[in-house]
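*Asks:* One letter stands for each residue in the lines below.
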Amino acid sequence: MIRVQAEDFDIGAEIAALCAGNTKIGGVATFVGLVRDIAGEQTVGAMTLEHYPGMTEKKLAEIEAEAHIRWPLDASLVIHRYGRLEPGDQIVLVVTASAHRTAALEACQFLIDWLKTEAPFWKLEETPDGGKWVDARATDGAAAERWVVDKSEAAE
Amino acid sequence: MSNSINMLYFAWLRERAGVAEETIEPPAEVATVGELLDWLKARSEGHAAALADLSVVRVAVDQEYVQLDHSIAGAREIALFPPVTGG
Numbered sequence: 001m002i003r004v005q006a007e008d009f010d011i012g013a014e015i016a017a018l019c020a021g022n023t024k025i026g027g028v029a030t031f032v033g034l035v036r037d038i039a040g041e042q043t044v045g046a047m048t049l050e051h052y053p054g055m056t057e058k059k060l061a062e063i064e065a066e067a068h069i070r071w072p073l074d075a076s077l078v079i080h081r082y083g084r085l086e087p088g089d090q091i092v093l094v095v096t097a098s099a100h101r102t103a104a105l106e107a108c109q110f111l112i113d114w115l116k117t118e119a120p121f122w123k124l125e126e127t128p129d130g131g132k133w134v135d136a137r138a139t140d141g142a143a144a145e146r147w148v149v150d151k152s153e154a155a156e
Numbered sequence: 001m002s003n004s005i006n007m008l009y010f011a012w013l014r015e016r017a018g019v020a021e022e023t024i025e026p027p028a029e030v031a032t033v034g035e036l037l038d039w040l041k042a043r044s045e046g047h048a049a050a051l052a053d054l055s056v057v058r059v060a061v062d063q064e065y066v067q068l069d070h071s072i073a074g075a076r077e078i079a080l081f082p083p084v085t086g087g
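Chains Z and L supply the protein sequences, listed in that same order.
In terms of the numbering used here, the first sequence opens at residue 1 and continues consecutively.
In terms of the numbering used here, the second sequence opens at residue 1 and continues consecutively.
These aren't lab readings, by the way, just hints derived from the structure by calculation.
Take the hints with a grain of salt, since some may be wrong.
[Claimed, not checked] Straight-line Cα separation of at most 30 Å, DSSO-like style, residue types lysine-lysine; simulated pairs:
hint : chain 1 : residue 1 : chain 2 : residue 2
1    : Z       : K58       : L       : K41
2    : Z       : K24       : Z       : K58
3    : Z       : K132      : Z       : K58
4    : Z       : K132      : L       : K41
[Unchecked claim] So, partial list: chain Z residues that the calculated Cβ filter (under 8 Å) puts toward chain L:
hint : residue
5    : I112
6    : A119
7    : P120
8    : F121
9    : K123
[What the hints assert, rightly or not] Distance windows between CB atoms, simulated:
hint : chain 1 : residue 1 : chain 2 : residue 2 : range
10   : L       : E29       : Z       : P128      : 44 to 50 Å
11   : Z       : A17       : L       : D69       : 42 to 48 Å
12   : Z       : H100      : L       : D38       : 51 to 57 Å
13   : L       : D69       : Z       : A99       : 41 to 47 Å
14   : L       : E22       : Z       : A138      : 31 to 37 Å
15   : Z       : T102      : L       : I24       : 48 to 54 Å
16   : Z       : H100      : L       : A49       : 48 to 54 Å
17   : Z       : A17       : L       : Y65       : 31 to 37 Å
18   : L       : D62       : Z       : I69       : 22 to 28 Å
19   : L       : D62       : Z       : V32       : 29 to 35 Å
20   : L       : G18       : Z       : E86       : 27 to 33 Å
21   : L       : L54       : Z       : H100      : 42 to 48 Å
22   : Z       : K58       : L       : L54       : 22 to 28 Å
23   : Z       : G45       : L       : A20       : 21 to 27 Å
Note that the structure is a prediction, hence the values are computed from the model and not measured.
In this text, a Cβ means the ideal position worked out from N, Cα and C, and glycines have one as well.
Chain Z with its partners taken away, still in its complex shape (with noise of 0.2 Å):
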């Protein structure tokens, strides 16, 4: 399930729901992410979270549904804010539930990962000397890099 919203989200309800009448599950991984006070050396009083409405939900399906193929997930849940937010405000929820915790544990930071280098949403800072656009990083990029299958060598 993917939802994009403006809204706070209440990580036990939203898992109670994902989970509710499944007793086939048996581990449920989660990734929270926050707000932080600092960028660099620079603190940051705020930020504001843009993203393409649209595109950034049809990504969010693909790489839920990819986690799907390639893990055996019971119930997985992405939840990703926009609009203004404030340090230790939560950012973006990933649940991944499954009868088994490694298959849970992997497939949550797979999603988190691929979500980082691949859905259309950018990080506008407020810092003292004004509005900041978030720089990718390329730590981003290395960490969505490994979980990339190398369909030749599969092949084989």
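Please build the complex by placing chain L on the supplied structure of chain Z, with the hints as guidance.
*Replies:* The following block gives chain L in isolation, referenced to the frame of chain Z:
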């Protein structure tokens, strides 16, 4: 028949171009994304500034990521934006 395309600009590309959305009708000889970006640079100083360094411009044609050699034939919506920074 001219090819009418809805252009979308996000984040600092929107700020530099000075426009969030516009309808364009590029001439027939503009066939690829790369050629379209060159053509767009002539629209305004803002467009030229936004597209000065294509290594930090990502392109989506009808909401799919594409490279500069991708054809724009039949494209309805083309979005230009910087590398993504969500999550």
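*Asks:* All hints, please: hold or fail.
*Replies:* Going down the list of hints, with the structure as the test:
1. Using a Cα cut-off of 30 Å, the hinted pair K58 of chain Z and K41 of chain L holds, with the two alpha carbons roughly 29 Å apart.
2. With a CA separation close to 29 Å, the supplied pair K24 of chain Z and K58 of chain Z stays within the 30 Å bound.
3. This hinted pair checks out: K132 of chain Z and K58 of chain Z have alpha carbons roughly 27 Å apart, not beyond 30 Å.
4. Distance hint between K132 of chain Z and K41 of chain L is fulfilled; the C-alpha atoms sit about 24 Å from each other, no more than 30 Å.
5. Annotation: interface hint on I112 of chain Z holds; nearest CB of chain L at approximately 6 Å, less than 8 Å.
6. Interface restraint check for A119 of chain Z: the shortest CB-CB distance to chain L comes to about 5 Å, inside 8 Å, so the restraint holds.
7. The beta carbon of P120 of chain Z comes within 5 Å of a beta carbon in chain L, closer than 8 Å, and the hint placing it at the interface holds.
8. The beta carbon of F121 of chain Z comes within 3 Å of a beta carbon in chain L, closer than 8 Å, and the hint placing it at the interface holds.
9. A distance limit of 8 Å between C-beta atoms decides the matter here; for K123 of chain Z the minimum to chain L is near 5 Å, and the interface restraint holds.
10. A hinted range of 44 to 50 Å for the beta carbons of E29 of chain L and P128 of chain Z is consistent with their spacing of about 48 Å.
11. Our hint of 42 to 48 Å for A17 of chain Z and D69 of chain L holds, since their Cβ atoms are close to 45 Å apart.
12. Between H100 of chain Z and D38 of chain L the Cβ separation comes to about 53 Å, which falls inside the hinted range of 51 to 57 Å.
13. Checked against the given bound of 41 to 47 Å, the beta carbons of D69 of chain L and A99 of chain Z, roughly 45 Å apart, stay inside it.
14. Range check, E22 of chain L to A138 of chain Z: about 32 Å between beta-carbon atoms, so the 31 to 37 Å window is met.
15. For T102 of chain Z and I24 of chain L, the Cβ-Cβ distance of about 50 Å falls inside the hinted range of 48 to 54 Å, so the restraint holds.
16. In this structure, H100 of chain Z and A49 of chain L meet the distance hint of 48 to 54 Å, their C-beta atoms being roughly 52 Å apart.
17. With their beta carbons about 32 Å apart, A17 of chain Z and Y65 of chain L fall inside the hinted range of 31 to 37 Å.
18. Separated by about 23 Å at the C-beta atoms, D62 of chain L and I69 of chain Z satisfy the suggested range of 22 to 28 Å.
19. Checking the proposed 29 to 35 Å range against D62 of chain L and V32 of chain Z shows it holds: the Cβ atoms sit about 33 Å from each other.
20. As the Cβ distance of G18 of chain L to E86 of chain Z is approximately 29 Å, the hint placing it in 27 to 33 Å holds.
21. A beta carbon spacing of about 45 Å between L54 of chain L and H100 of chain Z agrees with the range 42 to 48 Å that was offered as a hint.
22. Against the hinted window of 22 to 28 Å, the Cβ-Cβ separation of K58 of chain Z and L54 of chain L comes to about 24 Å, which satisfies the hint.
23. Separated by about 25 Å at the C-beta atoms, G45 of chain Z and A20 of chain L satisfy the suggested range of 21 to 27 Å.
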